[in-house]
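Student: 0 is the number of the first residue of the sequence shown in numbering that gives the first Met the number 0; add one for each residue after it.
These aren't lab readings, by the way, just hints derived from the structure by calculation.
It is possible that part of the hints are untrue.
What the hints assert, rightly or not - Label-pair distances were calculated between CB atoms; the ranges are:
# : residue 1 : residue 2 : range
1 : GLY62     : ARG117    : 39 to 47 Å
2 : ILE93     : THR26     : 16 to 24 Å
3 : ILE79     : ALA59     : 35 to 43 Å
4 : THR120    : SER24     : 32 to 40 Å
5 : ASN46     : ASN99     : 36 to 44 Å
6 : SER106    : PRO8      : 15 to 23 Å
Glycine is no exception: its CB is placed at the ideal position from the N, C-alpha and C atoms.
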Amino acid sequence: MNSTISIPPGIQIPEKTFTESGTISFTNKRPSTPLQPLVEVYLDSNNNIQVSTVFFIDAAITGLNENSFTIFQDYSISEIGEPRLQFFISYDAIETSTSNFRAYQISFQSLPTTFLNRDITTIQTFLWDIDPVSSRGTVTNVQS
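Let the hints inform the model, and build the full structure from the sequences given.
Tutor: This is the structure:
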């Protein structure tokens, strides 16, 4: 029996801005585990949490577009008891060992939660392959 969770937890964020942002290369091949995403997050003047993330997928995989990626929002409590939002960028692509990556950028606003946005000081953002060997994430401080 396969007990792999293919759909990330949380609620789907329906609106996002998507752009392809070029390529990067490494000297040596990276293992098939995803690179962690680069994330900027801030609280805007209306107290909305705005997130912009750049993530990297094997450049040999073509045909990816805005509809290839879905964002899910969940929440957790951090190790020190503070509320934390979690975002999962979900996609389906073959995980390969490569040295060439295409960069994609997705920006979005968080959905309302039971927490006050000003009380959220960190978020976690994960790149989540729906047929994963693994996923990769990062913790980012919220800027105000």
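Student: Go through the numbered hints given earlier and state which of them the structure violates, listing their numbers in rising order.
Tutor: The structure conflicts with no hint, since it agrees with every one listed earlier.
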